[in-house]
Amino acid sequence: MRYFPPRPPSSIIPDYALLQFSQFYFSTYPAMSHSSSWSSKIGFVLAAAGSAIGLGAIWKFPYTAGTNGGAIFVLLFVIFTIIVALPVQLAEFYIGRTGGKNAIDSFKTLRPGSLWPWVGRIGVAACFILLSFYSVVGGWVLNYVVHSFTGEIAPNVDFGALFEKTISNPTSSILYQGLFMLITIWVVKGGISDGIEKANRYLMPALFILFIVLAIRSLTLPGAMEGVSFLLKPDWSKIKSETMLTALGQAFFALSIGVSAMITYASYLGKDQDMFRSGNIIMWMNLLVSLLAGLVIFPAVFALGATPSQGPGLIFVVLPAVFMKIPSGNYLFAVFMMLVVFATLTSAFSMLETVIAATIRQDERKRSRHTWVIGIAIFIVGIPSALSFGVWSDVLIFNKSIFDLWDYIITAIIMPLCALSISIFTGWIQDRQSVLTNAGMGSTVPKTLLYLWLGALRYIAPIAIIVVFINSLQII
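Everything in the sequence shown is counted per this note's numbering, starting at 4 for the first residue and increasing by one.
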């Protein structure tokens with residue numbers, strides 16, 4: 004399962020979830036003794052949702068659904084997100100909030116003198132590497148926003164050639180990668196409440212508003228209902244083992260688990276925060292964005308005669324061509340790419356914060372300097388990935404480009420193994436009663452659901468993760 008492509012080619016939210024979200028928005032809790040904390044309950048929810056809602060939801064979900072049967076894939080994705088991904092995310096919340104420190108020190112607090120802190124160390128290292136090549140894709144997206152306003156996105160343009168030109172140009176690739184990292188550094192150096200939380204308070208609502216506007220426009224196109232049917236009306240004949248594994252893998256990555264980001268964000272939580280309600284809202288927000296992405300893309304694709312199974316080039320190659328057939332399409336495409344920028348940045352914030360939190364060790368006086376130093380280091384490490392689509396495209400390691408190699412190591416190996424370790428740690432290593440007591444603090448969740456969560460961590464999640472891991476290694 005991959006977040007990113009190899010070298011590019013030439014559900015409805017329940018009423019109770021909406022009620023919970025509205026109750027969250029203006030509620031606050033007292034400051035923690037932690038050197039940094041969320042200033043409000045909604046701050047954590049928006050930031051954690053932003054971490055999860057990245058390229059996985061807006062880029063990967065639509066093209067993966069398009070190549071795996073549409074609605075049947077969506078249905079499987081929703082089911083697996085609820086029964087597999089959510090329990091592991093809640094386990095990360097438990098570790099972070101109970102440990103109350105960064106991803107490494109939280110494990111040390113919960114299991115002193117053991118090897119378990121290495122799970123945190125590996126997760127932090129994974130965030131460092133992941134952001135180094137994630138920022139490359141973020142740079143492409145920023146570049147496309149500029150393309151939209153400079154006339155390069157226009158009718159009769161060869162968008163395949165434009166994409167190839169964009170990613171193979173070493174100067175612009177590095178320049179826009181650097182700009183993406185500069186924005187990320189600027190926000191994260193402001194800390195939790197003044198930086199990440201404040202940015203997400205604006206970016207996440209803007210993302211939803213723009214998505215709804217674009218979805219309405221897409222749904223009003225002639226023939227759009229065919230795209231809606233493709234997305235929401237399951238064709239049961241398309242259930243295959245490969246589709247199930249792909250949906251399971253998408254669910255696994257959908258909630259940003261396995262790289263210690265959720266442990267880090269949860270370490271800033273107060274003990275009175277209902278982490279189960281927060282997790283539920285975050286999950287439904289992620290599912291909603293994924294479905295909105297589908298409602299923006301597939302009605303337009305079907306209405307204008309394109310094919311949904313276009314693969315990773317869907318938003319860079321197919322969508323520009325689709326939007327150019329709509330009145331004011333270049334501006335609508337610019338709005339869509341701004342959505343992708345917002346989603347990409349909110350994920351990047353969590354990756355950089357995970358690394359920063361592990362290095363400053365709760366000493367906020369070090370934050371600004373460490374953020375600049377580490378952010379620049381990540382940018383430098385990412386340069387070979389940026390060049391691997393152009394001047395260094397012939398540099399192959401184990402028959403993979405530099406970008407593809409990092410992608411494979413992080414998403415196919417480290418993320419599943421870390422998520423498996425977190426499931427085992429919470430479900431089997433920690434004292435069961437202690438887990439239930441600490442996880443249930445501030446929560447009104449019935450004990451039955453707490454036991455079901457622990458059961459999912461012990462049995463369902465590990466088996467599912469192992470299956471995804473083996474599949475990602477192409478053994479099955």
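None of these hints come from the bench; they were simulated from the model. Since this is a predicted model, take the numbers as computed values, not measurements. There may be inaccurate statements among the hints.
Here are the simulated lysine-lysine pairs, DSS-like style, with alpha carbons at most 27 Å apart [stated by the list, open to error]:
#1 K168 with K403
#2 K369 with K201
#3 K111 with K328
#4 K192 with K274
#5 K111 with K369
#6 K201 with K274
#7 K192 with K369
#8 K168 with K328
#9 K274 with K403
#10 K111 with K168
#11 K274 with K369
Structure-based check of each hint:
In summary, the hint linking K168 to K403 is supported, as the alpha carbons are separated by about 21 Å, within the 27 Å threshold. Taking the CA atoms of K369 and K201, the gap is near 20 Å; set against the 27 Å cutoff, the hint holds. As the CA atoms of K111 and K328 are separated by approximately 57 Å, the hinted pair breaks the 27 Å bound. A distance of roughly 25 Å separates the Cα atoms of K192 and K274; the hinted pair therefore holds under the 27 Å criterion.
This hinted pair checks out: K111 and K369 have alpha carbons roughly 22 Å apart, not beyond 27 Å. Distance restraint check for K201 and K274: the Cα-Cα separation of roughly 22 Å lies within the 27 Å cut-off, and the hinted pair is therefore satisfied. At roughly 10 Å between alpha-carbon atoms, K192 and K369 fall within 27 Å of each other, so this suggested pair holds. Distance hint between K168 and K328 is fulfilled; the C-alpha atoms sit about 23 Å from each other, no more than 27 Å.
Restraint check for K274 and K403: not satisfied, since their Cα atoms lie roughly 45 Å apart, outside the 27 Å limit. Only pairs whose Cα atoms come within 27 Å are accepted, and K111 paired with K168 is rejected, the gap being roughly 48 Å. For a cut-off of 27 Å, the pair hint linking K274 to K369 stands: about 26 Å separates their Cα positions.
Of the numbered hints stated above, those contradicted by the structure are hints 3, 9 and 10, listed in ascending order.
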